[in-house]
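Hints given; two lone chains; assemble the complex.
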Amino acid sequence: MAAIELSGVVKHFGPIAAVNGLDLEVPEGICLGLLGPNGAGKSTTMRLLTGQAIADAGELRVLGHGLPSDSKAARLEMGVVPQLDNLDVDVTVEDNLAVYARLYRVEDVGAAVDRCLDLARLRDRRRDAVDELSGGMRRRLLLARGLVHEPRLVLLDEPTVGLDPQIRTEIWTLIGELKSRGTTILISTHYIEEAERLADEVAVMTHGKVISRGRPADLIAEHAGRQTAEVYAPPQRLAELRASVEAEGLKVRPAGPAIAIVGSERAAAGVVPEDAVVRAATLEDVFVLLTGEEAE
Amino acid sequence: MSAGAKRMRRLEPAAIAGVMSREVANFRTYWKGTTFSSVLEPIVYLLAFGLGLGATLVDEVEGVPYIQFVGTGMVATAVIFSSALPAMFGTFVKHRFQNTYEAILAAPVDVEELVTAEMLWIALRSGIYGCVPLIVTFAFGLDPAWGMLLVPFFCFVTALGFAGFGVTMAATVDKIDQFNYVTALCITPLFLVAGTFFPISGLPKGVQLVAQINPLHQLVELVRGGAFGFEWVDTARFAFLVAIALLTWRIAIARMRARLID
Ligand SMILES: Nc1ncnc2c1ncn2[C@@H]1O[C@H](COP(=O)(O)OP(=O)(O)O)[C@@H](O)[C@H]1O
Ligand SMILES: [Mg+2]
Chain A
1 MAAIELSGVV KHFGPIAAVN GLDLEVPEGI CLGLLGPNGA GKSTTMRLLT GQAIADAGEL
61 RVLGHGLPSD SKAARLEMGV VPQLDNLDVD VTVEDNLAVY ARLYRVEDVG AAVDRCLDLA
121 RLRDRRRDAV DELSGGMRRR LLLARGLVHE PRLVLLDEPT VGLDPQIRTE IWTLIGELKS
181 RGTTILISTH YIEEAERLAD EVAVMTHGKV ISRGRPADLI AEHAGRQTAE VYAPPQRLAE
241 LRASVEAEGL KVRPAGPAIA IVGSERAAAG VVPEDAVVRA ATLEDVFVLL TGEEAE
Chain B
297 MSAGAKRMRR LEPAAIAGVM SREVANFRTY WKGTTFSSVL EPIVYLLAFG LGLGATLVDE
357 VEGVPYIQFV GTGMVATAVI FSSALPAMFG TFVKHRFQNT YEAILAAPVD VEELVTAEML
417 WIALRSGIYG CVPLIVTFAF GLDPAWGMLL VPFFCFVTAL GFAGFGVTMA ATVDKIDQFN
477 YVTALCITPL FLVAGTFFPI SGLPKGVQLV AQINPLHQLV ELVRGGAFGF EWVDTARFAF
537 LVAIALLTWR IAIARMRARL ID
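If you read the protein sequences in the order shown, they are chains A and B.
Taking the numbering used here, the leading residue of the first sequence gets 1, the next gets one more, and so forth.
Taking the numbering used here, the leading residue of the second sequence gets 297, the next gets one more, and so forth.
Chain B on its own, in the form it takes in the complex (with noise of 0.2 Å):
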């Protein structure tokens, strides 16, 4: 056998599946508890907010009841709490105290491989978890549509923008508890500047400009587009989110290489 024939490629689908089955074979002990939180998140919160503040301070914004429009901008809530924070703590876990990389890399499995695994497997799940709050909307009367047939897919790409973003954080911070910095400063702003619970028009200037580089508030107005319609602006919006997955996706490899390989 000679040497340079077994040369191997780089990014190969069984190397990447086989890091994904490893992260399906823990999944199926631990996806009830995930799905039941999932599920019940929106519905609190289209209960709390959508019929609490709906009933008594706002009737409908931008054209569409109040309850609908925090139905559908939820979505961007479970995708990012389904993506970024999974892929901060699960990756920062697995290199440091279960020593899961390591042993991963030993196999015929090299960093950009690693990564990319587990950035497509948390956006597949994001993918999924995503439509739930537009489809518990539907219970509070939100008419379906076809443009929703793509929401996982806008989930999903935005969700592997947050995967990268988590798994290069998780490569940087020395301890767990710094993660505390990065929710303060970046999740929960990304979160709130959405327009998910109000518009972004009523927000000063520049918080507004911010919005717009905020993949959340992009995804939400995919999401609404689906919903009720899409411009053509909304192009513009996905090929952001594409761009963001691919940027986040190349330095969240290199990120983790530095922290992995000596």
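Pulled out of the complex, with its shape left as it was, chain A reads as follows (with noise of 0.2 Å):
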């Protein structure tokens, strides 16, 4: 049985499809890494999965309980992990994390925020209240307040979204941790590095459904190659010689101020420029390709 499987779900807000028959199913034990850009329907399917969410059509289970019918049984298998920090800031660190132990029907309530609190490395902020802390602790406090019951899916909607540099990488450490406890985990990200250095695959999401979807290292090979070829140039030159590779029949994205020749391993001689700066394919040229987005 697979930890989350969804098939030909819809959700329509007015004339807006968010997701629009998405197929997407998260074997046990893996980080699965949901990547799109903003607007693709990530938060929506998120929501679909916690019940917050009905959707218009399609069979979707969590941990093998019917949803929306069986919402609530998963939801006590399953942690959660906003993208915005939700935590009630007058209350001390330990309460915030009680709080949610008996949300969650912990048992030892306890020893639950114990464990939570070594997780975040905040056990000597343990009564400090939660707008004393910084950034960083904030958000080690936020996921591990989705961890309080030790569940066995977790769920994080870009977590990292908006933080600075070295915050992310603290998260990153975090997740990195659960992921070797064997968690199944489902994360969302617009951002290409945070599914690389996360995601055992990736599905890659945008208007509502999933394009694509396999180990990074296989998307490459299957949508880039094994080389890029990055030319940097005034526009009007780059405008030409886009036109005159993508003849050859490669294929070329805009990456900043330079363009991206894709595959050009298979390039016959003369096609790139002496000039391009080569080197290996990347999700980040899978991403443009397959989403026609400019990656963050």
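Hints may contain errors.
Pairs of lysine to aspartate or glutamate, DMTMM-like flavour, derived with a Cα cap of 25 Å [what the hints assert, rightly or not]: (1) Lys251/A x Glu196/A; (2) Lys471/B x Asp558/B; (3) Lys501/B x Glu527/B; (4) Lys179/A x Glu201/A; (5) Lys328/B x Glu132/A; (6) Lys251/A x Glu240/A; (7) Lys328/B x Glu196/A; (8) Lys328/B x Asp90/A; (9) Lys179/A x Glu150/A; (10) Lys251/A x Glu230/A; (11) Lys179/A x Glu293/A; (12) Lys471/B x Asp85/A; (13) Lys251/A x Glu293/A; (14) Lys328/B x Asp131/A; (15) Lys471/B x Glu408/B.
Just so you know, these hints were derived from the structure itself, not from any lab.
Remember, predicted model here, so these are calculated numbers, not experimental data.
Have a look at this one:
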């Protein structure tokens, strides 16, 4: 049994199809990265999984429980880390954890709180109010709160969006530890690097559905090939070059001030200019090619 | 583990207690201010109205010294301001600004349990704060009576209704300043025609009729029943308050569900 099984899921908001025929299976024990640009439908997918949005069509199962009818039983075994910090800021660190331990029906609340304090490395701040913590501490606490009941499955919706790089790295470390314990993780992100570092498998999502799925290396080999050649030049020359390279049947994508010729190892001699910077193909190449969006 | 066997019930005490424990944790950070103002307020009112008005203009109302008339009536004031307003503003802020409900609903708690817990917590608090004016009035010559032991309970039931009303309003308005309309059009009139400061029997017939469906007026009458002797009609008043509580409870759940679940 897979931890998450979604098939043909559709969710409309008025005329907008936020999720539009989504098929997604997350086997137990893996970390799946749901990689998609803003507006792809990632958060809506997460809300469908926690029963906070009800699908218009499709089948949803989480840890064997059919949604939305058995959503509450599914939520008992699932941890959720939100995108926005919604800790109780006036309340102490330990009380924030204790409340959620109770909400998740944890029997030994004290032990669960201690475990989370260790996990978030906040043992010596346990009696401080949350608004006295630094940004990084708050994020660690938010993550630990979602794990207070030692869930089998954890949903992380863009857990590091808008965070400064140092805090992001701290959170990645914690997610890495969670992974190594065998917890099933579904993490949505629009940061390529986050998906690359954490995900065993990546599902690229855009316009409400998954358009490609696989291990990062396999996705790169399938969609981008081995090498990418980046050319920096004035816009006029880039446009000409792009046209001539595409005429040769190669894929080209914008890369900030440059263009990137994807799969350049397949180019005939003379197609890729001498001054191009050749590098290994990346997940970013795949993401931009598939979604048509510039990566962040 | 079979999926069917783990299907969970509605209105689980553990879920309700969990949500209430969050309120308790927050209350511990602000109870001093709330308690201070809830004690000071009736004292100020009693001094101003009871002594000021009582000494110069009115002596007795319905056979009761005016200060005791106001003191018992102020129980209702304490109840509405410690239930309807916190329910309105608290619910709105937790929903819109703090995303608290999104986190709670990601746990095994449903909207019905969430709203029930929020209403129960507010009503419990109001049940206690509602008694403060009565206790303060002891200092102004009110004699204790056995019937007063029912006052916290009357306050609790009335506050449930106002909490349900407040949650419903929080789920209905789009912007927090729209609460000004709710306060001006609903809360203030209810507060004024409750029979707290003057008996409603002196009002025009139409207004008297409206006062009969004002839960606050029914509470005032029940509190005075507890202090000065019950009548049979008080059972009907109580039944009315229970009905209002049940009605607003279900409406609040439905409105919040529409807000919180897409
Ligand atoms: N509650 C809502 N009401 C109306 N539109 C919504 C709502 N939630 C999401 N949407 C729309 O659905 C689309 C997908 O949004 P979302 O799931 O938040 O994407 P992502 O998380 O990938 O950025 C967007 O166009 C968004 O504007
Ligand atoms: Mg999102």
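Next on the checklist: If you test the structure against every hint from before, which numbers come out violated?
Outcome noted: 7, 11
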